[in-house]
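**Q** Residue-level listing of the chains:
6 protein chains.
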Amino acid sequence: MNDERRARLERFRQERERQNARILSADHLGIKRFFNLDTSAYHDGALDARTKELLGLVASLVLRCDDCVDYHLIQCVALGLSEEELIEALNVGLIVGGSIVIPHLRHAFDTMDVLLAERAAGSGDPSPGAG
Amino acid sequence: MNDERRARLERFRQERERQNARILSADHLGIKRFFNLDTSAYHDGALDARTKELLGLVASLVLRCDDCVDYHLIQCVALGLSEEELIEALNVGLIVGGSIVIPHLRHAFDTMDVLLAERAAGSGDPSPGAG
Amino acid sequence: MNDERRARLERFRQERERQNARILSADHLGIKRFFNLDTSAYHDGALDARTKELLGLVASLVLRCDDCVDYHLIQCVALGLSEEELIEALNVGLIVGGSIVIPHLRHAFDTMDVLLAERAAGSGDPSPGAG
Amino acid sequence: MNDERRARLERFRQERERQNARILSADHLGIKRFFNLDTSAYHDGALDARTKELLGLVASLVLRCDDCVDYHLIQCVALGLSEEELIEALNVGLIVGGSIVIPHLRHAFDTMDVLLAERAAGSGDPSPGAG
Amino acid sequence: MNDERRARLERFRQERERQNARILSADHLGIKRFFNLDTSAYHDGALDARTKELLGLVASLVLRCDDCVDYHLIQCVALGLSEEELIEALNVGLIVGGSIVIPHLRHAFDTMDVLLAERAAGSGDPSPGAG
Amino acid sequence: MNDERRARLERFRQERERQNARILSADHLGIKRFFNLDTSAYHDGALDARTKELLGLVASLVLRCDDCVDYHLIQCVALGLSEEELIEALNVGLIVGGSIVIPHLRHAFDTMDVLLAERAAGSGDPSPGAG
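Going down the list, the sequences are from chains A, B, C, D, E and F. Start counting the first sequence at 1; every next residue gets the next number (my numbering). Start counting the second sequence at 132; every next residue gets the next number (my numbering). Start counting the third sequence at 263; every next residue gets the next number (my numbering). Start counting the fourth sequence at 394; every next residue gets the next number (my numbering). Start counting the fifth sequence at 525; every next residue gets the next number (my numbering). Start counting the sixth sequence at 656; every next residue gets the next number (my numbering).
Just so you know, these hints were derived from the structure itself, not from any lab. Just to be clear, a hint being listed does not mean it is correct.
Said to hold, decoys possible - Dumping the calculated DMTMM-like pairs for lysine to aspartate or glutamate here, alpha-carbon to alpha-carbon at most 20 Å:
| hint | chain 1 | residue 1 | chain 2 | residue 2 |
| --- | --- | --- | --- | --- |
| 1 | D | LYS425 | A | GLU84 |
| 2 | B | LYS163 | C | GLU345 |
| 3 | E | LYS556 | B | GLU215 |
Note that the structure is a prediction, hence the values are computed from the model and not measured.
Given the sequences, and given the hints that come with them, work out the whole structure.
**A** Right, dumping it as structure tokens:
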């Protein structure tokens with residue numbers, strides 16, 4: 001079962017990369033520029049990247065987007081955030097968004113467990129940007 | 132016009148206090164406990180209160196709730212966050228939530244300007260908790 | 263202040279009636295039929311009108327629409343639901359929808375207080391249908 | 394195909410139980426208390442549990458959460474609500490939420506059919522609480 | 525009352541212009557670029573500006589943002605769309621989004637009536653871009 | 656992998672047809688009438704069907720419903736819209752809805768690629784109506 005969750009996350013990474021490449025191949029200026037803005041929004045600035053990835057994580061949770069939650073969890077774990085910090089952020093999302101968020105909280109814990117195990121084992125690089 | 136925005140924020144504070152007191156006067160156990168959970172979610176813990184208030188701010192912005200944005204801006208400014216930090220958080224909310232967020236971004240800048248002016252003038256205490 | 267809330271609700275009733283009449287004057291078949299479907303959805307059937315208006319109330323609260331909350335509260339109070347029953351329904355909406363719902367809960371309590379006072383005083387007829 | 398839908402629902406029950414246990418194992422006070430509030434919100438009170446589960450069902454439908462719809466359908470069927478009553482509640486959700494709800498209505502009918510067949514065959518216990 | 529609606533729309537135009545200028549004065553690169561992308565998205569291209577403004581109008585209606593609806597109605601009327609065309613687009617938004625959209629439909633008809641009267645009288649220029 | 660996406664779309668078509676038939680078999684007047692209204696909303700009128708299907712597509716994208724996006728893409732491709740036109744419409748949805756829309760944009764490009772390949776090969780009829 002744990003293998004199933006690892007396989008789900010691996011498939012997400014591969015599909016996301018394939019699909020983003022497909023979208024960018026359309027060479028639509030607006031879409032390309034938006035993808036760049038999206039990546040830049042999480043770079044170190046007045047707030048550091050760790051804080052901004054937590055912002056992206058909680059925004060994704062309250063908007064109830066599993067793929068976006070997975071993406072920001074990947075970034076958060078790569079930036080060194082601890083399980084305790086992630087759970088506190090997820091709790092903020094739960095309180096803001098209510099019980100309708102719970103299925104996505106379940107999904108988030110599954111993904112977090114896979115990522116923290118990967119990090120403990122020394123694998124799990126951050127993904128290239130965009131959504 | 133600036134007076135108008137200051138008056139709007141002052142009215143929000145007073146109405147929010149009156150209405151929360153009315154709700155709690157109903158003495159409904161579930162509602163009271165939820166209000167307590169809501170307050171606790173932003174206390175210092177594995178993440179500090181500043182980070183958590185930023186999480187609340189961005190969650191409120193992407194869910195497009197002006198009153199919630201105002202409440203978290205009040206807390207953020209009371210906790211010492213700078214204009215630059217707030218704008219970077221608002222930008223994350225804009226990118227996640229898109230142009231539909233812009234009217235709420237306009238509202239947020241108005242509120243932020245009032246609050247930062249209040250802070251510079253030495254007024255503007257944090258509000259007691261709950262949404 | 264209580265006068266202010268009574269005036270707000272009275273204005274809502276008048277504007278809603280004026281605006282619905284304007285919309286229907288356009289004589290668009292799809293819109294007219296949708297308005298009819300909307301009215302019929304809350305009539306007694308396998309579930310009674312009281313239960314259905316509660317469903318409309320909670321749906322409106324979690325979708326965070328103040329006007330829709332006001333409309334269904336008007337119907338609920340006209341159908342004889344008690345303050346305790348309404349608060350329990352609002353609590354379900356709060357738990358499902360989270361703290362982002364709180365500003366609308368504040369609005370709902372204000373409207374409920376006006377309507378219950380009207381009912382105790384013997385006024386406050388149900389509105390004709392449609393959203 | 395009917396087997397496929399039964400298997401989907403069975404998997405939902407098992408995964409939900411496993412994942413909720415995982416979340417609660419984190420022993421986060423805010424999350425645990427929220428889960429308790431969520432369970433309590435649907436207990437008999439000023440409104441009975443049947444009405445409250447219908448409220449949860451329609452709130453879940455208009456917020457377009459398949460897992461939440463499935464959970465509340467499980468509870469509704471265990472509490473003895475009939476197909477006619479469930480369909481009337483789903484219709485309220487469809488009218489409030491519009492055609493964007495239709496894919497979730499399709500999902501809900503599939504789940505309802507499995508649950509009503511289970512009930513007719515004498516199986517299908519209610520699930521323990523939380524989202 | 526008609527004067528009231530004309531005054532509301534005029535205030536929206538002025539406030540929107542003042543607030544957008546304030547936001548851009550912060551000179552945040554991400555925000556400025558997003559505002560540019562937002563403006564460009566509605567320029568003539570593979571689809572003409574009229575079609576794209578209708579897309580923006582319906583997207584705004586189903587996301588239930590009155591200010592965004594007003595903005596796109598201003599553009600649509602300036603681009604020559606007729607009352608019949610606008611109502612058909614609004615009907616699509618109503619069907620997709622359901623009765624929760626109705627309060628925003630009421631707002632939209634009020635705005636549309638003011639704008640069509642302005643156009644018939646020979647006033648009412650399109651606004652400069654961004655949300 | 657391309658086969659996988661074709662199979663996904665084929666399964667969507669079959670399941671949608673089976674499930675819509677099941678819903679209509681319940682013979683609930685409100686639901687049946689809503690399905691009819693939904694179908695009619697996209698017929699030629701003051702706006703042509705092509706424009707209206709684009710409206711449905713963008714509304715579905717900003718509301719982040721993959722099944723609805725697939726349905727309207729099927730109709731758009733059957734009505735002869737080009738890849739360039741579809742991408743411009745999708746870009747409007749991306750800008751309005753922000754990065755939270757990106758996972759659904761990825762899904763939409765996959766579906767669009769299958770449908771355009773089907774059209775080039777001379778297959779791919781429009782689906783019968785309703786959501």
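**Q** Decide, hint by hint, whether the structure agrees.
**A** Now the hints, each set against the structure:
Only pairs whose Cα atoms come within 20 Å are accepted, and D:LYS425 paired with A:GLU84 is accepted, the gap being roughly 15 Å. Straight-line distance between C-alpha atoms of B:LYS163 and C:GLU345 comes to about 17 Å, which keeps the hinted pair within the 20 Å bound. Restraint check for E:LYS556 and B:GLU215: the C-alpha separation of about 15 Å stays at or below 20 Å, so the hint holds.
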